[in-house]
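Here's the letter readout for the chains.
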Amino acid sequence: MCLAVPGKIVSIDPSRGFLMGLADFGGVVAEVCLEYLPDIQLGEYAIVHVGFAISRIDEGIALRTLAHFRELGILKADVAEQIPSVEGY
Amino acid sequence: MKHLREYRDGDIADSIARSIHESTTRSWSIMEVCGGQTHSIMRYGIDQLIPKSIQLIHGPGCPVCVTPIETIDRAHAIAEQPKVILCTYGDMLRVPGSRGSLSGLKTRGCDVRTIYSPLQACQIARDNPNRSVVLFAIGFETTAPANAMAIKIAKTEKLKNFSVLVSHVLVPPAIEMIASDPACRVDAFLAAGHVCAVTGYEAYHRLAEMYRIPIVVTGFEPVDLLEGIRLAVLQLERGQAFVENAYQRTVAAEGNPTAQGVLKEVFQITDREWRGIGTIPSSGYALSEAFRDFDAEVRFPLAWKPVECTNCRAGDVLRGLLKPYQCAEFGKGCTPDSPLGAPMVSHEGACAAYYQFSQLSPKMNASP
Numbered sequence: 001m002c003l004a005v006p007g008k009i010v011s012i013d014p015s016r017g018f019l020m021g022l023a024d025f026g027g028v029v030a031e032v033c034l035e036y037l038p039d040i041q042l043g044e045y046a047i048v049h050v051g052f053a054i055s056r057i058d059e060g061i062a063l064r065t066l067a068h069f070r071e072l073g074i075l076k077a078d079v080a081e082q083i084p085s086v087e088g089y
Numbered sequence: 001m002k003h004l005r006e007y008r009d010g011d012i013a014d015s016i017a018r019s020i021h022e023s024t025t026r027s028w029s030i031m032e033v034c035g036g037q038t039h040s041i042m043r044y045g046i047d048q049l050i051p052k053s054i055q056l057i058h059g060p061g062c063p064v065c066v067t068p069i070e071t072i073d074r075a076h077a078i079a080e081q082p083k084v085i086l087c088t089y090g091d092m093l094r095v096p097g098s099r100g101s102l103s104g105l106k107t108r109g110c111d112v113r114t115i116y117s118p119l120q121a122c123q124i125a126r127d128n129p130n131r132s133v134v135l136f137a138i139g140f141e142t143t144a145p146a147n148a149m150a151i152k153i154a155k156t157e158k159l160k161n162f163s164v165l166v167s168h169v170l171v172p173p174a175i176e177m178i179a180s181d182p183a184c185r186v187d188a189f190l191a192a193g194h195v196c197a198v199t200g201y202e203a204y205h206r207l208a209e210m211y212r213i214p215i216v217v218t219g220f221e222p223v224d225l226l227e228g229i230r231l232a233v234l235q236l237e238r239g240q241a242f243v244e245n246a247y248q249r250t251v252a253a254e255g256n257p258t259a260q261g262v263l264k265e266v267f268q269i270t271d272r273e274w275r276g277i278g279t280i281p282s283s284g285y286a287l288s289e290a291f292r293d294f295d296a297e298v299r300f301p302l303a304w305k306p307v308e309c310t311n312c313r314a315g316d317v318l319r320g321l322l323k324p325y326q327c328a329e330f331g332k333g334c335t336p337d338s339p340l341g342a343p344m345v346s347h348e349g350a351c352a353a354y355y356q357f358s359q360l361s362p363k364m365n366a367s368p
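Protein chains in written order, with my numbering: chain F, 1 to 89; chain E, 1 to 368.
Source of the hints: derived by calculation from the structure; they are not laboratory data.
Some hints could be false.
[Said to hold, decoys possible] With a Cα cut of at most 20 angstroms, we get these calculated SDA-like pairs of lysine to any residue: (1) E:152 <-> F:68; (2) E:158 <-> F:19; (3) E:152 <-> F:15; (4) E:152 <-> F:38; (5) E:160 <-> E:203; (6) E:152 <-> F:59; (7) E:264 <-> F:38; (8) E:160 <-> F:51; (9) E:155 <-> F:3; (10) E:158 <-> F:21; (11) E:155 <-> F:26; (12) E:152 <-> F:13; (13) E:155 <-> F:17; (14) E:158 <-> E:305; (15) E:152 <-> F:29; (16) E:158 <-> F:17; (17) E:158 <-> F:18; (18) E:264 <-> F:18; (19) E:152 <-> F:24; (20) E:264 <-> F:31; (21) E:332 <-> E:316; (22) E:152 <-> F:21; (23) E:152 <-> F:63; (24) E:152 <-> F:41; (25) E:305 <-> E:152; (26) E:158 <-> F:31; (27) E:160 <-> F:17; (28) E:323 <-> E:155; (29) E:155 <-> F:28; (30) E:152 <-> F:20; (31) E:155 <-> F:18; (32) E:152 <-> F:3; (33) E:152 <-> F:51.
For clarity, every value in this text was computed on a predicted model and none was experimentally measured.
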């Protein structure tokens, strides 16, 4: 039930009385309610659960986390270099 | 997909697992609270990557599993009423109640619809003004804001044919119930990342302090889970007990204040019964006074006597006292095709996860 997936916000529609938008989940585009992230911007990623964006993914922190693994020596350099450019399957 | 693939990387997972092996000197029991995490642990074989001295105990965080049989029976009885359309999340369809499952009702001509988002229930109500649309609103704090918004929209649009059967449960009281049990075997908790994305994790500091137990906010991908376990083990080995966030890209300490505001408006805290566990004080949501008109329990006052299957030991599994395979019915009288209890139905149920994945070896880079 708590399954939630990251989606990239590709459109925002304020015309419905409540804030809706479209999110791209690795090529599959679906409608999402943006009421809980009213200031999200196009191109940002959000965690989406039962059609609702509930949390913005902080790209800076995501990169820092991966860099942290690198510092700990638990991320191989070649893998680390590939990661920021990973897009889609 | 970005923000998923990096966290399913086998090399990173192996490296974190190695680091856990290097840090571990004793036996520890760590409970992952959320059923989604249990599913990932079994699916990716996380339990086989970590030292044998670390035992993962599966928690009660499967909303479908803990929804009381009375509530499932009530949904059943409501769906049997004339002109009713019952809207439910797919997981709930096959959960056994006293009188069978909701999917069984469909074959008998009742209108039970599977929804992906609660806003679909609002649309069904708009499209069917002469029918009574009931949303079966279950879930933890992750799902509650979505259901709350559907109820708020129904009120704004005066959708008089819309109501909700609310059975929401909350994570911190369940953690407290487990941690405060004198027989508690849990040394550390992995808190459910997506619950904390909504609520934040301020409420967990008191629990970590009072019960001297590390609580690590953890995500759902293999790398996230291993990092949560690594941080929990480091705290345990150092004799520390505090709240730590291993899922920082998604979870802020304060959570999502907009969602919390709507939850406060639509719901109020109430005691809730958890199937197989019993009543936990202040562990759920009921509709607040301002939204009471939308309560399906008031609109459909029905009565019956629920009957649990006596052979099912789901309660012991949900409290972490029994591994699924230790139940005499596991894989014999109880399978995903013919479940005796809810944990064998839901993808997030520990029994279903063991049944599906327990033969697998560590399995990274699995397709989503």
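Hints and how they fare:
1. E:152 <-> F:68: With Cα atoms ~42 angstroms apart, residue 152 of chain E and residue 68 of chain F exceed 20 angstroms; violated.
2. E:158 <-> F:19: holds (19 angstroms)
3. E:152 <-> F:15: Since the Cα atoms of residue 152 of chain E and residue 15 of chain F sit roughly 17 angstroms apart, the hinted pair holds (cutoff 20 angstroms).
4. E:152 <-> F:38: Given pair residue 152 of chain E, residue 38 of chain F holds - Cα atoms ~16 angstroms apart, limit 20 angstroms.
5. E:160 <-> E:203: violated (36 angstroms)
6. E:152 <-> F:59: Roughly 32 angstroms separates the two Cα atoms, so the pair is violated.
7. E:264 <-> F:38: Judged against 20 angstroms, a Cα distance of about 18 angstroms means the pair holds.
8. E:160 <-> F:51: Distance ~23 angstroms between residue 160 of chain E and residue 51 of chain F Cα, so the pair is violated.
9. E:155 <-> F:3: violated (28 angstroms)
10. E:158 <-> F:21: Given that 20 angstroms is the threshold and the Cα spacing comes to 24 angstroms, the pair is violated.
11. E:155 <-> F:26: Violated: residue 155 of chain E and residue 26 of chain F sit about 35 angstroms apart, past 20 angstroms.
12. E:152 <-> F:13: holds (19 angstroms)
13. E:155 <-> F:17: Given that 20 angstroms is the threshold and the Cα spacing comes to 13 angstroms, the pair holds.
14. E:158 <-> E:305: violated (34 angstroms)
15. E:152 <-> F:29: violated (26 angstroms)
16. E:158 <-> F:17: Within the cut-off at roughly 14 angstroms; holds.
17. E:158 <-> F:18: holds (15 angstroms)
18. E:264 <-> F:18: holds (19 angstroms)
19. E:152 <-> F:24: violated (26 angstroms)
20. E:264 <-> F:31: violated (26 angstroms)
21. E:332 <-> E:316: Status holds; Cα separation ~18 angstroms.
22. E:152 <-> F:21: Holds, because 19 angstroms separates the two Cα atoms, which is no more than 20 angstroms.
23. E:152 <-> F:63: violated (37 angstroms)
24. E:152 <-> F:41: Given that 20 angstroms is the threshold and the Cα spacing comes to 24 angstroms, the pair is violated.
25. E:305 <-> E:152: violated (33 angstroms)
26. E:158 <-> F:31: Violated, at about 23 angstroms.
27. E:160 <-> F:17: Given that 20 angstroms is the threshold and the Cα spacing comes to 18 angstroms, the pair holds.
28. E:323 <-> E:155: violated (44 angstroms)
29. E:155 <-> F:28: violated (32 angstroms)
30. E:152 <-> F:20: Judged against 20 angstroms, a Cα distance of about 15 angstroms means the pair holds.
31. E:155 <-> F:18: holds (13 angstroms)
32. E:152 <-> F:3: violated (23 angstroms)
33. E:152 <-> F:51: It holds: about 16 angstroms lies between the C-alpha atoms, which stays within 20 angstroms.
Checked against the numbered hints given earlier, the structure breaks hints 1, 5, 6, 8, 9, 10, 11, 14, 15, 19, 20, 23, 24, 25, 26, 28, 29 and 32 and satisfies all the rest.
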